[in-house]
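Colleague: So the chains spell out like this:
Protein chains: 2
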Amino acid sequence: MALIFSHFPFSLPSKASPFCQTSLPSLPNFRFPTSTLTRSSVRSSMDSDGRPGFKDFPYASPPIKDLMIDLISTVENRLDSLLLPCTLPQDVQYFENQSGTAHASLLLRSGAPSSSIDFMLSSWLHCELPTGAALNITSLSSYMNSSTDAPHLVIEFIQSSPTSLVLILDLPPRKDLILHPEYLKTFYEDTQLEKQRQVLDKISEAQLYVSPSLYIRSVFSPTAVVLRVDTSSSGGDRLEQILRDDVSNAAQEVLNTWLSLCALGEKQDIGDDEKACLKKRDSLYKSKSIETDIGSSLPRMFGQEKADRVLEVLQAIL
Amino acid sequence: MALIFSHFPFSLPSKASPFCQTSLPSLPNFRFPTSTLTRSSVRSSMDSDGRPGFKDFPYASPPIKDLMIDLISTVENRLDSLLLPCTLPQDVQYFENQSGTAHASLLLRSGAPSSSIDFMLSSWLHCELPTGAALNITSLSSYMNSSTDAPHLVIEFIQSSPTSLVLILDLPPRKDLILHPEYLKTFYEDTQLEKQRQVLDKISEAQLYVSPSLYIRSVFSPTAVVLRVDTSSSGGDRLEQILRDDVSNAAQEVLNTWLSLCALGEKQDIGDDEKACLKKRDSLYKSKSIETDIGSSLPRMFGQEKADRVLEVLQAIL
Chain A
1 MALIFSHFPF SLPSKASPFC QTSLPSLPNF RFPTSTLTRS SVRSSMDSDG RPGFKDFPYA
61 SPPIKDLMID LISTVENRLD SLLLPCTLPQ DVQYFENQSG TAHASLLLRS GAPSSSIDFM
121 LSSWLHCELP TGAALNITSL SSYMNSSTDA PHLVIEFIQS SPTSLVLILD LPPRKDLILH
181 PEYLKTFYED TQLEKQRQVL DKISEAQLYV SPSLYIRSVF SPTAVVLRVD TSSSGGDRLE
241 QILRDDVSNA AQEVLNTWLS LCALGEKQDI GDDEKACLKK RDSLYKSKSI ETDIGSSLPR
301 MFGQEKADRV LEVLQAIL
Chain B
1 MALIFSHFPF SLPSKASPFC QTSLPSLPNF RFPTSTLTRS SVRSSMDSDG RPGFKDFPYA
61 SPPIKDLMID LISTVENRLD SLLLPCTLPQ DVQYFENQSG TAHASLLLRS GAPSSSIDFM
121 LSSWLHCELP TGAALNITSL SSYMNSSTDA PHLVIEFIQS SPTSLVLILD LPPRKDLILH
181 PEYLKTFYED TQLEKQRQVL DKISEAQLYV SPSLYIRSVF SPTAVVLRVD TSSSGGDRLE
241 QILRDDVSNA AQEVLNTWLS LCALGEKQDI GDDEKACLKK RDSLYKSKSI ETDIGSSLPR
301 MFGQEKADRV LEVLQAIL
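So the sequences go chain by chain: A and B. Each residue of the first sequence is one higher than the last, beginning at 1 in UniProt numbering. Each residue of the second sequence is one higher than the last, beginning at 1 in UniProt numbering.
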């Protein structure tokens, strides 16, 4: 649920039954095991209205929860006052469906006027499936403004059982890499991103994940980590081990690259024509993401009224 | 060897020993089995100088030879006078190294002034390896001119043993797909390209191939077929069966899509600014391809003098 589902790696076909409601959805290239995903923590830190706080990650598996807390802490420490406080209304910071089977929380922090960040968005989503399994999506994304051409950031974990994970780590480019070879060199060839991708690619239970959305496929950089990890044959806590031993380190490295090179990189001199082009591209990127994801997914999980409310608030901000 | 190695899916690191000479090269993500690839046909149709004709494909495996002959026949029938005769000098149409362990043939046909094709390039390359195995690369590619923004074409087969194939089928885009969503829709979402990709992706011996070159990864479309097929555990003629049953049909479909939609599609009204952008991008695409591929690969296979000669002729034409 990066950029509110923007990189939700599977776009539900419209013919799918509403998930979280009656039947297993038809998800191309994505398996929904029937085992139940246990809740990793109880709602021990709910607010006075009984709502979990964003940073509680009440449904994430322990290694994902720990990693997300580390990542957000790194962002807050490094960016500090470059990020403004979250101004989302309470009913968009946390919401659930009528039957209480789907829950989500959003944290959106705009960049300060002096920063090169448009906004950062963190989210978690939990959705019980009719089979007894549950879908948990946890993400941290950043979107740049037109004072820089530096890449965006996407970190996303989609877990549908204790043994199944789709993992996305990327700095999506904001320019055509064929027309701008120096951009390819600066942000991808001259960084350690490919090394991280190779480390994760070597995990024997991992295979490349191909999103059914051609748009989503087009968004990623050539060093993107887009993997499906299936440890159902490995037994025990293998997925937790992979998350703690390999994924955590790679995610921190990707985040640190983005922080140093993009969010806190040297100020650039962007001409008016280029700025206009970046604005147009970023606007399309955001609107297309919302169209692709919220338009189909959020109403099915949370009902049309709640989806409309979230969409309205986000469109006003974005 | 499309666009003279332009999509050669592995860029040899400069530290690699000259292959075809002394030792097995270090090819990331690419395995060189030790079994010898048998020559599929003898040089029965050599010209008076003892050189094989381009369409003889003297070293390709029988199904690849048959498929290439079919593909080229389809192109020639459909495009007819839209392609001018090949004007490459004889010593560039066919060349070999001093020791006779590496052979290559090129066929380059420029588009007629009324066509939207800059040029089409077909090639085959055969290189004996010190292990006794051989590398055979066979390709058919087309490059468009700036009278259209329609995608290029790449069809390429890289075979390093009777059980190992890297396969590339794609219509590489000529525009940023995020900035131009209508382009994504026209050439990729509204065509059958994704269907073909999915058919080939289902082959149990196939897995996604990731080029070590970040530039090459950036070239492909979201529906690109970029697969490695390894039938070493399947026994018998399984690779031949896959080529005849699955790959041939997919390659014909990709070619037909390109012919109908790109080479023979409706004439477009391309503005001056867009034309300049296409020209710049296409020029970078060609020069970067040559730099990536010929610069490192051809001298190792054929020696510096021959590589310089081929490069000089091609640069003058391109």
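Treat the hints as calculated values from the structure; they're not laboratory data. In this text, all values refer to a predicted model and were calculated from it rather than measured experimentally. Hints are not guaranteed to be accurate.
Which copy is meant is left open, because identical chains are indistinguishable; a pair holds if it fits in one copy or across any two.
Computed cross-link-like contacts, DMTMM-like style, restricted to lysine to aspartate or glutamate with a CA-CA straight-line distance of at most 25 Å [claimed, not checked]:
#, residue 1, residue 2
1, LYS275, ASP56
2, LYS185, GLU96
3, LYS175, ASP282
4, LYS175, GLU240
5, LYS306, GLU76
6, LYS286, ASP190
Colleague: Decide, hint by hint, whether the structure agrees.
Modeller: We went through each hint and held it up to the structure:
no. : hint            : verdict
1   : LYS275 / ASP56  : neither (38 Å within a copy, 53 Å between copies)
2   : LYS185 / GLU96  : neither (44 Å within a copy, 34 Å between copies)
3   : LYS175 / ASP282 : both (10 Å within a copy, 16 Å between copies)
4   : LYS175 / GLU240 : neither (36 Å within a copy, 41 Å between copies)
5   : LYS306 / GLU76  : neither (30 Å within a copy, 58 Å between copies)
6   : LYS286 / ASP190 : between (28 Å within a copy, 22 Å between copies)
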